[in-house]
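Participant: One letter stands for each residue in the lines below.
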Amino acid sequence: SLLGQKRLQNMLDFVNKAKWDAWKSLGSVSQEEARQQYVDLISSLVGTEAPAVAAQPTGSTKGFQTLLVSTEDNITTIRLNRPEKKNAITVEMYNELIEALDLAGKDDSVITVITGSGDYYCSGNDLNNFTKIPEGGVEKLAKESGELLRRYVKVYIDFPKPLIGVINGPAVGVSVTLLGLFDVVYATEKATFHTPFSQLGQSPEGCSSYLFPKIMGAAKASEMLLFNKKLTAAQACEVGLVTEVFPESSFQSEVWTRLKAYAKLPRNSLALSKQLIRVVEKEKLHAVNDAEVERLVERWLSDECMQAIMSFFQAKSKL
Amino acid sequence: SLLGQKRLQNMLDFVNKAKWDAWKSLGSVSQEEARQQYVDLISSLVGTEAPAVAAQPTGSTKGFQTLLVSTEDNITTIRLNRPEKKNAITVEMYNELIEALDLAGKDDSVITVITGSGDYYCSGNDLNNFTKIPEGGVEKLAKESGELLRRYVKVYIDFPKPLIGVINGPAVGVSVTLLGLFDVVYATEKATFHTPFSQLGQSPEGCSSYLFPKIMGAAKASEMLLFNKKLTAAQACEVGLVTEVFPESSFQSEVWTRLKAYAKLPRNSLALSKQLIRVVEKEKLHAVNDAEVERLVERWLSDECMQAIMSFFQAKSKL
Amino acid sequence: SLLGQKRLQNMLDFVNKAKWDAWKSLGSVSQEEARQQYVDLISSLVGTEAPAVAAQPTGSTKGFQTLLVSTEDNITTIRLNRPEKKNAITVEMYNELIEALDLAGKDDSVITVITGSGDYYCSGNDLNNFTKIPEGGVEKLAKESGELLRRYVKVYIDFPKPLIGVINGPAVGVSVTLLGLFDVVYATEKATFHTPFSQLGQSPEGCSSYLFPKIMGAAKASEMLLFNKKLTAAQACEVGLVTEVFPESSFQSEVWTRLKAYAKLPRNSLALSKQLIRVVEKEKLHAVNDAEVERLVERWLSDECMQAIMSFFQAKSKL
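Protein chains in written order, with UniProt numbering: chain D, 1 to 319; chain Z, 1 to 319; chain E, 1 to 319.
For reference, chain D alone in the conformation it holds in the complex:
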């Protein structure tokens, strides 16, 4: 919008003149003003968030706002349910996912499945998360966001039974990096896998800095994690990030037929075997998670990241 453009111009002028460091040292009034400009900028570009489609609980389903969760045939399915926002993960959705995974780990299902509603699997972090700047300022926002991310990834590291991704469309950011912590990943041929961290001045998370090189070697992992290479489903399967790719037309039926068969296997044997596979790395993965989050918080508070995000929005607003 024209207003968005105007606000963006204001913001960019502001940054060009004052720079981030200077901004951080400004008096409280100016800081307030600057923060407001930043919030306005982001909000105007991202657009007002539409209210999430209400979850439709059925069976043993708990009522979540951003997820559809159900248990059937020994399978607990967690479905990201903000299709109008490409299942971008808000703060609320992070919290609900942590709760849903915690419950799924403890319920009597044999396997747990994560998938998305609509055409996307998940478009990653909802950038609106960064516009609700709390009292304590951006430092507080960064620390809180970091802590939320750390807790979120932790649930995956500790998940006690087979976790299966049913990747129904494009996956971006943290929804890709976490795939290294899934046990099986089935993808439609329409899916793509994209981790554009450096483009936004950020750094990898979800234990991908450790697991991606382990899965595919550093030469392929770095092209994704450093240089923003977007993989097709076939490429992701070739490098071992995805278990198998299916034609879109038969994707759901083929995958769910398999999952139902898996869910009939001995429950304890599966859980204990999965834990056996993961336990060797668990301590290291927690350390990696901590290190990744620490670096990311530093990044969020850096000039470079700030400027990269603004460039991104500026480019977007010109389209």
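Wrong hints could be hidden among the right ones.
The list cannot tell twin chains apart, which means a pair is met if one copy fits it or any two copies do.
[What the hints assert, rightly or not] Distance condition first, Cα-Cα at most 27 Å in a straight line; then the derived DSS-like pairs of lysine-lysine:
#  : residue 1 : residue 2
1  : K230      : K154
2  : K282      : K154
3  : K190      : K229
4  : K230      : K264
5  : K154      : K284
6  : K190      : K260
7  : K154      : K106
8  : K264      : K106
9  : K106      : K260
10 : K260      : K229
11 : K106      : K282
No lab work stands behind these hints, which were simulated from the structure alone.
Please build the complex by placing chains Z and E on the supplied structure of chain D, with the hints as guidance.
Facilitator: For chains Z and E alone, kept in the frame of chain D given last:
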């Protein structure tokens, strides 16, 4: 057979009524009876074991009952020799393999090769191993089997010179999981690779819980180790479990031409280079072996495993 | 040459008679004589080294004798520049590479590129390095060579920003093993990857004993590192040693278009993300480097290695 069916029915009735936990708490007479029923059940279904074809020692060959071992052209070849049982590994064969590998590690051959007689490479653990229940009961059987397995895997972890698998046909169970400890694996196109652990209520061994995810990534490893996916030779090569696949018609000649060339390379250079590659992981691999065996012993003594094995035999008897 | 043949014959006669152990215990005069024969042998076969083409420094280029180094568009490019020797690495080139990488790590470029002049990427260690036997004898030569190698590999382990290999032709030996420490590796279809260590009685270095099995699994790594398998560019890409392969006709233009785009990404984000990926392994990699060098020094001083190198030259002289 009809008799087998009858015994199976008895056994299943028994289990349905008393369950495993109850069975374990039964008085000594009933336990004896129950054990006998279990032994009868398994024996009747698996069939009386035919005596192994006597090994035909030639050259420097030591006389083994279940193996053919010979040293020629700087190559010590250990050939699993129970083709009529698809080279299933009995307790005797486990012990002979430990001894044969120990000797091969110390002899003056440059490389050591393991292969199979007949159409199979190896059909895994001989389930008859579980029917000879000793005085101490199933707990003792489980612990002894675990200790045997631990010693068997240990020999592979510590093997001091290049170890090469010549996979002449289908491979099942522990004969697959151990491949991560081989240095080179050549397979005929006829070979398949199958680790149906959870189907039998069990858990992975042979260091596969650690090495398979390392070789092929967790997404592909878990489909094998948790969900019983059987790989073709080409698939096993794609994920890195197999070095190269050959047409059946030229398999033996192509592979042995290469092996003879390898065996002419400087002996110490090969042994020391192999040790250099493996030493970094050795401590971890021993810990993994211990953890896997501990879990497997727990599994063998669990209700779930017992019932899964019985379901397996029941299904088999219905064919 | 006939003279070379004669000297070789002398040398082989000498070795056949006296053997290495005996040689080491010879009186000082004979040792001197033997050393001279050895030097003469190697020199006559390898040929007198042509003087390196003088480096042509441009822009911010520092004057190196064996490298062309320049910084442009945020990219520091280090070009091996002994095309007439297939970019074989002399002692001087090792030292210059250490210095050039040290400078590149500290300059304000965003990425660093290593590539080769002419048709080869790099033919590995210049064997002439072994002919300049110092006062202290072969023991001293071996130790010094080991220490130089250790320092050289160390620079790669610690390199603080994205390091990209542009593999313009065949790569041999240490120029291959080091690829596991690069972040991205682009190769022309003409490139090959060869590590003929055991053929020369040696053992792997460049952290390949640890990183190659991690990248491609032990079954494929051992065929390269133990059994001298030479990979095509496509094969190296399949196993994950190479990121992507390009047709020779468009190799340079496609790769440099990408590199220029990469060099525009946020500098700190890239450097910090790369460090995040590598830091988990850094301590282990230094330990691996030390162990590999120690083993290699032992190898260089062994009978077996000495004889393997002589056999190699003998075979070469017969062509």
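Participant: Of all the hints given earlier, name the ones this structure violates by number, lowest first.
Facilitator: none
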